[in-house]
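*Asks:* Residue numbers (my numbering), protein chains in the order written: chain A, 1 to 590; chain B, 1 to 266; chain C, 1 to 233.
Just so you know, the hints here were simulated from the structure itself, not pulled from any lab data. Note that the structure is predicted; figures quoted are calculated from it, not measured. There may be inaccurate statements among the hints.
Here are the simulated DSSO-like cross-link-like pairs (lysine-lysine), alpha carbons at most 27 Å apart as the crow flies [claimed, not checked]:
no., chain 1, residue 1, chain 2, residue 2
1, A, Lys457, B, Lys3
2, B, Lys75, A, Lys586
3, A, Lys586, B, Lys70
4, B, Lys77, A, Lys586
5, A, Lys531, A, Lys33
6, A, Lys531, B, Lys66
7, A, Lys457, B, Lys228
8, A, Lys457, B, Lys66
Computed beta-carbon distance windows for the label pairs [claimed, not checked]:
no., chain 1, residue 1, chain 2, residue 2, range
9, A, Pro76, C, Leu177, 42 to 48 Å
10, B, Ala111, C, Thr184, 55 to 61 Å
11, B, Lys70, A, Leu23, 55 to 61 Å
12, B, Lys77, A, Pro345, 47 to 53 Å
13, B, Asn166, C, Thr228, 42 to 48 Å
14, C, Val232, A, Arg20, 54 to 60 Å
15, B, Ile59, A, Tyr22, 20 to 26 Å
16, C, Ile227, B, Phe103, 33 to 39 Å
17, B, Lys77, A, Glu585, 19 to 25 Å
18, A, Arg210, C, His78, 58 to 64 Å
19, C, Leu177, A, Asp534, 44 to 50 Å
All residues carry an ideal CB built from backbone N, CA and C; glycine is no exception.
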Amino acid sequence: MDSSSQAVVRHHAPPQGFIRKYLFSVDHKVIGKQYYGLALLAACIGMVLSWLMRIHLGWATAHIPLLEKLSPAGAPGNVVTPEYYLSLMTMHATLMVFFVLTTAPFAGFGNYFLPIQVGAEDMAFPRINMMSFWVTFAAFVVLILSFFIGDGPALAGWTSYAPLSSVGAVAGPGQGTGQTLWALSIAIFCVGQLLGSLNFITTTLDLRTRGMSLARMPLSTWAWFVTSVIGLLAFAVLLPACGLLVLDRVAGTSFFNPAGLVVNDQALPHSGGSPLLWQHLFWFFGHPEVYIAILPGFGIISTILPVFARKRLLGSRAVIGCMVAIGFLSYMVWGHHMFVSGMNPFSALLFSVPTLIITIPATIVVLLWLGTLYGARMRLSTPALFCVGFISVFITGGLSGFFLAQPSLDTYLHATYFVVAHFHFVMAVAAMFGIFAGTYFWFPKMFGRMMNETLGKWHFWLTFVGVYAIFMPMHYLGLAGNVRRYAAFTDNYLAPLIPVHKFITIAALFTGAAQLLFLCNVIWSRFRGPKATDNPWEATTLEWSTSSPPPFDNFGGRHLVVHHGPEEYGVESSSGDYVMQVSPEKVAAS
Amino acid sequence: MGKLFAVVLTIITLVSAGLIAAHVWWLPVDISTIGPRIDRQMDETMVATGVLFLSSQLILACFVWKFGDKRDGGKIKYFPGGSGPLIGFAIALVGIEILVLSFGGSKVWAAVYMTPPEPDALHVDVAAEQFAFYFRYAGPDGRFGVIHPERVRDGNGNYFGLDPANDVAARDDVIVGTLTVPVDRPILLTMHSKDMIHSFYVPELRMQQDILPGLTIPLHFTATQAGKYEIVCTQLCGLGHYSMRSFLEVLPPDQFDQWLKSQSGD
Amino acid sequence: MASTTSAPPPGTESDWGATGGGGGGLQHGRPAPVSTFPAAVRPSQTGIGVALAAISMMFAALTSAMVVRQGAARDWGHFELPGILYFNTLILLLSSFSLELARRRFAQDPGLGREESHGNAGQSAQVLYWLYATMGLGLLFVFGQLVAWRELAAQGLFLATTPSTSFFYVLTAVHGLHLLGGITGLAYALHRMSRSTGSRPNTALGVAVVYWHFMDGLWVYLLLLMITRMNVT
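The shape of chain A in the complex, shown without the other chains (with noise of 0.2 Å):
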């Protein structure tokens, strides 16, 4: 056989059938919609559970329409309880770490655009990448259920640290049946994650089309390739943790109980176990996590700016090195969430030293995206305001993360609103506004049609400025002392600082309302908008050099030769200001 009649090879068939083409299917474009579908589902129902937090907050005894019939026993009388209150707590960061930042951004856009960016068919293994969305769906279910079985959802928190999590039901509600649920749920959820990794890495080593480097891969590709190799390296060490502590739960093992505790007056038969332990290997997976979150969003960011700014990228190699670097230091960080921990003072410091060295290669990035914006001819659509503004709150976000790297300071500020604020921000608020410019930006290719620019607009500001209205104010809360994860003030205890929380309940329920413009746009645009062009936003990257919405193999069997790297924007061309990157035009020395 010669090489060009395989050439003519289909990788998989054109599906047919409905189950095979939405429900079951091995495109990774239909994956990566499923994925950002989910996605969507656990930011909705994230979202409620912040809003029922907030108002207990504020108002501590707010009676809760229709909350009783959700939960009779953690809401009588439509009020939130104390333990309901950290059950909301614990579902509400599991639902948005999990299954909004580490799916969407990856798991969704990675999946639909990194085999398009890169010049392949799909990915290198279909079938594995189908399991792993179904894998991840299982993960969800398994936690929607422990709101519906057994004594209520775990209300250990995200960080589920023992032995408040490992000593089963004797510690209360919420600590039974819903905590083993959120266990195996986030087990299940790594394998989906290892098996999402598998995928990306061989399909960015090997599944390159013919000119398409490495050099020349988008920053978005590149985000995604470095997020699949931490993400391999992280969850592997989530789920056997998750397994130890199921096993301490349910087999009576000690891995993270110590000797000798005494819980609701139960001595329980536990020896030798290390809570340390569980910090150490879940901290090991979760500071991985958090850049897990973010660097998709460096990527995307990285990608639109330059089609918004008509201006090339500036340092498109030092950003590449730095989110590689970042990718490196983030596993040499993790006890910085442990200072206070109890392990030896002496790691403190040590830990300390990365964590501020991570500083810099943010610092590099931001300030190459300055630098692109200086002298750029900016088109100031949706998804380039929401990178203005991903820049603006990244900056807020990590500057308030340099506090927290400085254990004498953090002596101060741990387990405070300091910390609430610092990693909302760069989570909540700056992987979201990374979401959301890739929304605005994909949205044509992936469904053929445009958003609509007035309601993106008014989506923005009202979002811009609510989530500086929710997130700055808690900085003030922490740095005056407000202690984290307490359902209520009680006994006049920070009195001078509930109209403060009053305050940003009301920015948060006002910016919840205005997501609503964000979901009306997709669903109306998805059936009604104005039909949109292969490349309406004129950009280079691989993408947009195929129909809106690609062919099932993506390139209609072409297979494209790439002659230039993302980046040729402010040149002249035959197109106007840009050259595309499977386009044979030389491009003038600029």
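Chains B and C: place on chain A using the hints.
*Replies:* Same frame as chain A, now just chains B and C:
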């Protein structure tokens, strides 16, 4: 759009920074010997990050204002010097800040967590449990009774699992729900938990320490100002976590002696 | 647009990425008698490498958990490792040996096992024989591990008895489950061998071979770990 973004961002930036600079909500008074050093670290970091915050957000606003609306015929400009100076600047700036802050900060950290307590420190034993703190003083004999974990019973108030019937030293141990200490005297806490991870936090002391079951965790401090301050548990320990609070009462030395005597008398 | 391709599309229904190429680099000795698209086999090689990296990381996490747990308290509890473990190790090493025999026979003629085989029926039977032997030895190993568990249980050493027994059961269980996965992989490779047409290397087999040898090496590592940390001296 670009100008609107610049204006909105500038307002947000100035308001956010202004509220910090005006100390509208700020750290409470510091009452510990280590407090001034931590507060200085905090101020230095706040100034450094404040400068970075203001400059970077305002530069972003400025750039979006200037370059944010596509001007036909306008020529693209490139950042002078390219990426090199920016990268060098980032490394230098952040690098210097890191060196300065961690050098000073590590000394402060070591002073709290890596130096031994004063030999004449008043030793208070702390038991954390769901959902209260209990504090134990050695009593007139100056010795603590032995803890027997299997004897711990909340029901009859034996929070420390003491055995006064057989243990002489345990008979005069003073157990209270509030941490009362004399001012200007080194205090050594030895903390243990019988169930979950708890945490001891007094914002005014600027100190926080998790208490792990299975270990005895030391923490030492010297309070410099009399008054009553909240102790809060900061490590999620169960449904009553929000109510696991106590008080630190700092008394002048003679009042403290009186108080301790009155407790022992009972 | 382009008229030729240099990174060949990943081939037909094989989930392991390709059907072209000469045995994926595992082949040596005689030149491959099949058309060569070495690049097309790469995905399965990369894939198994990635998968083994993840599995290694998982066992590294369990190892460090074990080391930390042992040092955390004085309740570790040494016990005598069941003697059958050494026999099981021998079985597993033999299975790697038999798998190598199968792989080499197959590499000499990738058409083996099918009607279009260029080789003789005797050679074809040998490949199948050694593959079945490997799977059988693998099952024997797993069975032997269960016997080891029974031996421990007979001494009153269960999952929660001491931290050392906990780790013993966890490590052997996780390894055993992965080995069962390897047996499934070999079965799948056999299935593909009987179904595919023409002369192509069997990438499923190539992947399964690498995986199997890794499981073998991993077991030796785990055994040494348990000997040094759990066994009474």
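*Asks:* Tell me, in ascending order, the numbers of any earlier hints that this structure violates.
*Replies:* Hints 6, 7, 11, 15 and 16 contradicted; others consistent.
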